[in-house]
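With the hints as your guide, set chain B onto chain A.
Spelled out from the first residue to the last, the chains are:
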Amino acid sequence: MNLTMMAPAIGLDEATQFAWLEADLLDHACYEEWLALWTPQSHYVVPIDPAATEFEDALNYVYDDHDMRRKRTERLLNGQSISASPVARTVRLLSRFRILQADNASCELRCAQMLTECRRGRTRTYVTNVSYRLVRDAGALKIDQKVVRLINSTEALGGISYIL
Amino acid sequence: MNIAAIVAPESAALVLPDRVQSSMYTDPAMFEAEMTRIFERTWVWVAHASEIAEPGDFKMAMVGLQPVIVVRDRKGAVHVHVNRCRHRAATVCEVAKGKTNSFVCPYHGWSYALDGSLRGIPYEAGYAGTIDKRKFPLRSLRVEEYAGLIFASFREDIEPLSDFLGGAKKWIDLFMKQSAGYPLTTLGEHKFRFPGNWKIQLENTTDAYHFPLVHKSFLTATDKETEAMMDIMNNGGFVEDLGNGHSVMVMVPGLVDLDENPDAPIPHKFEALAAELAQDHSEQEVRRIVRAVGGTGFNLNLFPNLGCSATFFRVLQPISVEETEVRHVALGMQGGPKAANRARLRIHEFFQGPMGFGSPDDAEVWDRVQHGAQGGRDLWLMLNRGIANEEMLADGHRRSDVSAETGMRAAYRQWKLMMEATP
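Protein sequence lines correspond, in order, to chains A and B.
Throughout the first sequence, residue numbering follows the working numbering, covering 16 to 179 in sequence.
Throughout the second sequence, residue numbering follows the working numbering, covering 791 to 1213 in sequence.
Chain A extracted, bound-state conformation (with noise of 0.2 Å):
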């Protein structure tokens, strides 16, 4: 018998934590665990036109598979990224949850996420809507997409040499 068709669909509290668990993991630099948390063919994207869906034939600020994600975390790790030696400290909140859609194997987040950074004296705020889509993979939620809307993407940004 298939386990995923017999687990409940994905709720409203498990999908929130988890998104909470990825923000503290991202803000505490534990990057190991937070590769670990995505599909094989999934993507982490920060478009530019809020209104995207589509994003492979379309410029984005980030279109990341497991490979560029790996290199973006050792980006952060190595020391030979000036804009990232220290790497800025930040706090994000996530907030607002829905759920779009559900079943037991999948279901698609939208929230909101105000980050602040501080760095070399300087504080900055970004405020975003994150959509994930989820998905149920060995009894875990795993990120198969990851969709990061910054309210100011159109607009002309600061450096961002961190994971949003």
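Just so you know, the hints here were simulated from the structure itself, not pulled from any lab data.
For each residue, glycine too, the CB sits at the ideal point set by N, CA and C.
You may find that some hints are simply not true.
Residues from chain B shown here face chain A by an in silico Cβ test under 8 Å; the list is partial [unchecked claim]: (1) K1006; (2) S1007; (3) T1010; (4) D1013; (5) T1016; (6) A1129; (7) R1132; (8) R1136; (9) E1139; (10) G1143; (11) E1154.
This is chain B only, laid out in the frame that chain A set:
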């Protein structure tokens, strides 16, 4: 048109052939003078033709600190208008890019045709016949185009664009080869700001010297083949002063003319792309497209605001003496293979933009330059690297090794000429 140029009397003493004063980055009065004496008196790049391909297409841009609209009229002619209603100054457009039949001021409803002529004044009877609409068009700039690059100028008597570009035209033609015979098109842009003077970015486009250090993390993240190709300090490149403030830095001599060496081996990183392209294209076409995807091996710096930089356009926009906006415009093949354009997009995202593996590190050091320049304002910025081995070519261009500061010296020579010129 008479645009009063602010006098900057001491500018001559700030620029020597091999060094410039640090106040170039920090003096607000100097910045004001630059905006009128340079940006309002030369050709400034405002658009690529593909951004306004069809009649009615427009985009907002800036010439110095003045907001402008770049628009293609019904007959296909390109106009650049100051984005300011002739009644009481409100902008007539606040949409970054789009298509329209007219520009209508939101304040009192004055409306303008695409060519800038004033068409309608609501409740015109209130002027009792005393207003002549022909005398109140949107203010228009001179516009000329070379190889799809659209430039505008506030100066009516400026030299033809072709003469201004001069020695740079050959390099523009080479740059445009990276669309493999398809029309070159823009594919979107990354836009970011850094807290520093615009000339810090201008200098950087022909600065090979910073690359191995500032972009170490990019070189580590990329594949070995690209890393070797981008070992630009040791690949026999050069920098050449092209006149009028323009310069070119050749980083990868084998990728100057993409039509040459068509049988060069396909880099390992493009093998999967080549295999995909081979389904619909001949081997010759595949090689041409793959070479185009990789882009050119040089950065062309066009004074004062455009860089044709390896694979993209770098547009710089001064905001204030200590703030600059930079746009990195991605380029691709109009109607070209989807896989090829995707590869171009991923290459652009990898290095460019606020979350790329390259641009944030550039922005960080430029920020540090601006901060450091607050100290020792009487000290010089040294631009003498590569001067000893500089050679004068037959066409009068100066050339030196790849990490020479020849391009910066070229830009400051033009800066000085313009700042001292009688308006």
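Interface hint outcome for B:A1129 [beta carbon to chain A under 8 Å]
Because about 10 Å separates B:A1129 from the closest Cβ in chain A, which is outside the 8 Å limit, the hint is violated.
Report holds or violated for the interface hint on B:K1006, using the least CB-CB distance to chain A and a cut-off of 8 Å.
4 Å, holds
Grab the minimum C-beta distance from B:R1132 to chain A and call the hint holds if it beats 8 Å, violated otherwise.
With a minimum Cβ separation of about 6 Å from chain A (threshold 8 Å), the hint on B:R1132 holds.
Closer than 8 Å between Cβ atoms is the bar; does B:G1143 clear it against chain A? Give me holds or violated.
5 Å, holds
Next item in the hint list is B:S1007. Is there a CB on chain A closer than 8 Å to its CB?
Hint on B:S1007: holds, closest Cβ of chain A at ~4 Å, below 8 Å.
Can we keep the B:E1139 interface hint, with Cβ of chain A closer than 8 Å?
Constraint on B:E1139 satisfied, holds at 6 Å.
Satisfaction of the B:T1010 interface hint, Cβ to chain A closer than 8 Å
6 Å, holds
Per-residue hint verdict: B:D1013, partner chain A, C-beta under 8 Å:
11 Å, violated
Would the stated hint for B:T1016 survive a check requiring a Cβ distance to chain A of less than 8 Å?
13 Å, violated
Chain A contact restraint for B:E1154 - C-beta distance below 8 Å
Holds, because the Cβ-Cβ distance from B:E1154 to chain A comes to roughly 4 Å (cut-off 8 Å).
Supplied contact hint for B:R1136, tested at 8 Å Cβ to chain A
7 Å, holds
Violated hints, in rising order: 4, 5, 6; the structure is consistent with all others.
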